[in-house]
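Engineer: Listed below, chain by chain, are the residues.
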Amino acid sequence: MALQTPTSHEQEWREDLQRVGFVRKLLAGRRWYGTDWWLVAISAVMVLGFIILALFPSLFAPYSPDAQAGPRFLAPGASPDVPVLVSLASSSISGLSDLEVPAGDPRPSVGVVRGVPTAQALNDQAQALNDELSGTGMELRPRIARFDTLEETLQAVADGTVLAAVVQSTEYEQVAGDYPTVAEGESITGGVSSEGGFILGTNQIGQDVFSRLIWGTRIALLIGFSASIIALVLGVPLGLLAGFRGGKLDRILSVVMDSLYAFPGLILAISITAVLGPSVLNVIVAIAVLYIPTYYRIVRGQTLSVKEELYIEAAKSIGARSSEILRKYIYPNVIPSVAIIFSVNVADAILTGAGLSFLGLGLPPDTADWGIDLARGQGFIQTAWWLITFPGLAIMLVVLAFTMMGEGLMEIFNPKLRQQ
Amino acid sequence: MSPLSIIFLIIGVPAALGLVYIFVKGSAGLRRYILTRIALTLPMVFILASLVFFVLRVIPGDPVSSALGPKGSPETIARLNEQLGLNDPLLVQYGRFLGSVITLDFGNSLTGAHRPIVDEMSERFPATLELVIPAAILSLTIGVFGGAFAASRRRRTADYSLRLYSVIIYSLPIFWLGLMLQLLFGVKLGWLPIAGRIDAVVGTTLHHITNIYSVDALLTGNWAALRSVLAHLVLPTLTLGLILSGVFVRLTRINVIETLQQDYVEAARARGIRERVVIYSHALKNAMIPVITLIGLQVAILLAGAVLTETVFSWPGMGRYLVERISSRDYTAVQSVITMFALFVALISLAVDIIYSLVDPRVRY
Amino acid sequence: MEDVLYSVRGLNVRYATRSGDVHAVDDVSLDIRRGEILGLVGESGCGKSTFGKAIMRMIRTPGRIDSGELWFDGADLMTYSEKQMQSVRGGAIGMVFQDPMTSLNPVQRVVEHLTETIRTHEPKVSELAAIARAEELVEKLGIRRERLDDYPHQLSGGMRQRVMISLALALRTKLVIADEPTTSLDVIVEAKFLDLLRELRDEFDLTILMITHNIGVVAEVADRVAVMYAGRMVEIGDVYGVFARPKHPYTVGLLNSVPNIDLAAHDLYKMEGTPPNLLSPPSGCPFHPRCPRVMDVCAVEIPVLQEVVPGQATACWLYDQVGVTGG
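Protein chains in written order, with my numbering: chain A, 1 to 420; chain B, 1001 to 1365; chain C, 2001 to 2327.
Be aware that one or more of the hints could be misleading.
Straight-line Cα separation of at most 20 Å, EDC-like style, residue types lysine to aspartate or glutamate; simulated pairs [unchecked claim]:
{"id": "1", "chain 1": "B", "residue 1": "1285", "chain 2": "C", "residue 2": "2149"}
{"id": "2", "chain 1": "C", "residue 1": "2174", "chain 2": "C", "residue 2": "2307"}
{"id": "3", "chain 1": "B", "residue 1": "1285", "chain 2": "C", "residue 2": "2112"}
{"id": "4", "chain 1": "B", "residue 1": "1285", "chain 2": "B", "residue 2": "1199"}
{"id": "5", "chain 1": "C", "residue 1": "2083", "chain 2": "B", "residue 2": "1275"}
{"id": "6", "chain 1": "B", "residue 1": "1285", "chain 2": "C", "residue 2": "2203"}
{"id": "7", "chain 1": "C", "residue 1": "2083", "chain 2": "B", "residue 2": "1266"}
{"id": "8", "chain 1": "C", "residue 1": "2174", "chain 2": "C", "residue 2": "2150"}
{"id": "9", "chain 1": "B", "residue 1": "1025", "chain 2": "C", "residue 2": "2146"}
Now the stretches of chain B that chain C is said to cover, found in silico as 3 or more residues with beta-carbon under 8 Å [as the list claims (entries may be wrong)]:
{"id": "10", "stretch": "1252-1264"}
{"id": "11", "stretch": "1273-1285"}
{"id": "12", "stretch": "1356-1362"}
Keep in mind that the hints were calculated from the coordinates and are not lab data. For each residue, glycine too, the CB sits at the ideal point set by N, CA and C.
Build the full structure now, drawing on both the sequences and the hints.
Structural biologist: Structure, rendered in structure tokens:
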């Protein structure tokens, strides 16, 4: 007679939903939430990426952030101009030390271009290496042959007139195509040859910008996470307490928190770091203090509005204890908001931290930090644009990732704003 | 008369008159509301000032000797300590500090030229105003109309683009935006100056009345100076204004979306009111009410941004003054500046609340 | 032949949701006669409010009117542009909403509500003239003209409802759609409101579509009544006829559900089953899972609305669909 009743239909559907795994639910969410799902997904991947960078910077950074690995003010993508040894591709000579011969043997001839300082560099390096070799029976005393132009020098190498030549890497690169039999070797000064990469250039004391960028992630995330966690640990319980208990405690706390919240955060952080002195811990503390009121206010507000709900009254009327009410009703309503705030908070904390170090306050001056790099780079804005572009870009990307995640989560968790 | 006093008069007198007018014409509810707000502002200022005082007193070591550095002989240090009253018990110093806040007499700066701090602020506070006011107007304009537009085109390209814009702007470090603008418009294109308030040569011709250079130039008819000031104003205002606009776009959008879900919006449409009127008149006016209450809080962000913007553009305002004074460990000046900031925030907060009460008829009547 | 003001033919309204399409109004045809008060009743979610909005073409995404003809006063509104519809709304057709507190703009004075409406439809009218018309209008409805300068929150509930009516009548209105107009009013105010409605109908030559779930209100004031269930029209007819001799089993159940003070507690009637899931509605007649007189054909084919006695039509397989039977 009657078909399957609606209620059992529903029940089955519900049971099916339970059985479906978490991962399936996650992926099914894509269709349900659309754009916002992608927002959260992409930003979560980015955040994960940054965390990995922060935890293992040496895996990704070619150089140590303090190492003055290259020439100063190298533009991104440009190769450093170093004197390199060139020789026949077929020969096994790649470095200056390959020119060592036993004492007494005929000295190898090395070509240089007349008037270019490579000859001096060659002399100095060869001298230094030779001194090291004294007593071993080997010597390095190349015979220097001077040519008028680079082309003649390279031709001499190709012809075999000289065993090798020392030329400026940048000049050589421009004409290297004309001499296919000649190959570039190492730099004779031991620095990086043109093969080496300073992808984003070097700064005013020769440090690799890219490496400093990677290492900067560590400090930025450290400050961001630590400050937010401390603020959360202090702010959330206070908010719960104030919201749940109310009364005088609530009023006093709220006035203090509101005043703190209304005050310009950066200025407060500036004062605290000025007082405490420059160190990473002090910066973390200063920023944490800044954000305690944020957690406090949101948690208190949520607690208050949940407390007013009718089901709390109903629960109380059947004898539920305060701790039960807190656990069963208030926590589940408050936790999603806290998660969202945390994400946005980390973003904010990183921005504030960068601002502090940009102003020269808070971090010790030798830290590899984006804000510090930006401050130092500002002086060279006319000549070295890359010094201020990339650290700032890094800050923006990290902050963007966390902000996007928070935004996406908020659209998903906040049903009021979801259409229908 | 010092420029600071002039500015206070320009703002204070109309504000006071306005307040009296509101009082006389408003309903009892309104009067009660305003009085309550004023009464709440006082504890806030008190708390903030006290916070400033105690936080700075926590400095380990002797502030005077750290300020003077190795130049300070023991006699000088002792003399200064005595002069500044730093040997007195803490409570006495606290009382003296509160007194100085009320009378706005902050004493002299500890290092450097030892000038009265009020004079130094006299020069710098108007500079900050000149930067902050246009930036606020810019950010509000972009923010409010952008947010309303995004809300009206919800879930379509315009909405997502504006949301993307506000998220990106929010993530931009303000000092980086300033640097990039400097790089592009100052260095690469050479269109605009990148530092200072006015061209040095032209600046000597400007007669200072309020120390707000654009106003002074207008008042004295000095067009060359006006052009120079405006040119210097463009980049810093753009920097500060754009960053803040992101916040307002988000705020307005959310509030307009909620407002558009209200019954009276549907009812207005049922009467044949044009969609544009519905959104930008009916919905926006209602949505602005909660936004106004939040503007007060954005002032804090405005000031923080001002500190950074002034540093990037070498703008001689209160923000840069603060950073300078901290670097030279001039803690008297630092204390005074932060107190001034706190006062400023409290007053703006109060003003915004009063404006809110006038705008929302449910409070007015 | 009665004079028909608004003839709705085959209206279909759907809403797109994340779980699929909801068929909120399913092939509904209805004639609203000039000068009558037609009640439209049904439980929450049956589609009556959607219907009311649809005939003003006020359905917005994610909803849409899939098909149908809306013959209002000789013209099919479905062919109108948005601009033309805007002049119809608030003009020839007006709407009175359920909650007068939330239906009035809190930051706009009452007089501005009226003058804005008048001047939107008749731009040549000056502000002063509009104010004069507004004052005339509200006085007819029993509101003193001084109250026009007030904001909505300063008025009482009954006054606000009267302001709502005046807004619907501000121009030469022919049809007033009242969507749950008395739900938020207390009984005394409600009675006054219904009296007012009858007066206005007579004085202004109005036609009223009263959408409500309150059967008592309909019984008191309506000339005809239409019953909707799950987006379909199940019965329509003269109000006395339908209430005294209901034909459709749903109407029977609805009328039985109205509590009677003479009944004892255990005699309270409760309809079997739960409201239909509009995402996947039952096949055939939407009421069949709950119908106490269900037959095999009910689950298979959808019944068509047909006149079963003069002045009363119903959509039910109980009544021979081929020809009209008596009784």
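Engineer: Each hint: holds or not?
Structural biologist: Evaluation of the provided hints:
1. At most 20 Å may separate the alpha-carbon atoms for a hinted pair to count; residue 1285 of chain B and residue 2149 of chain C meet this at roughly 18 Å.
2. For the hint pairing residue 2174 of chain C with residue 2307 of chain C, the CA-to-CA distance comes to about 27 Å; that exceeds 20 Å, so the pair is violated.
3. Proposed proximity of residue 1285 of chain B and residue 2112 of chain C is supported: the alpha carbons are some 14 Å apart, at most 20 Å.
4. For the proposed pair residue 1285 of chain B and residue 1199 of chain B, the alpha carbon gap of about 42 Å is over 20 Å, so the pair is violated.
5. Among the hinted pairs, residue 2083 of chain C with residue 1275 of chain B is consistent with the structure: their alpha-carbon atoms are about 10 Å apart, no more than 20 Å.
6. With a CA separation close to 37 Å, the supplied pair residue 1285 of chain B and residue 2203 of chain C exceeds the 20 Å bound.
7. The hinted pair formed by residue 2083 of chain C and residue 1266 of chain B meets the criterion: a straight-line CA distance of about 17 Å does not exceed 20 Å.
8. Only pairs whose Cα atoms come within 20 Å are accepted, and residue 2174 of chain C paired with residue 2150 of chain C is rejected, the gap being roughly 28 Å.
9. The suggested pairing of residue 1025 of chain B with residue 2146 of chain C holds, with an alpha-carbon distance near 19 Å, which does not exceed 20 Å.
10. Check on the stretch 1252-1264 of chain B: 3 of its residues sit with their Cβ under 8 Å from a Cβ of chain C, so the three-residue criterion for coverage holds.
11. Coverage of the stretch 1273-1285 of chain B by chain C holds in this model, with 5 residues showing a Cβ closer than 8 Å to a Cβ of that chain against a need of three.
12. Only residues whose beta carbon comes within less than 8 Å of a beta carbon in chain C count, and the stretch 1356-1362 of chain B has 4; three or more means the coverage holds.
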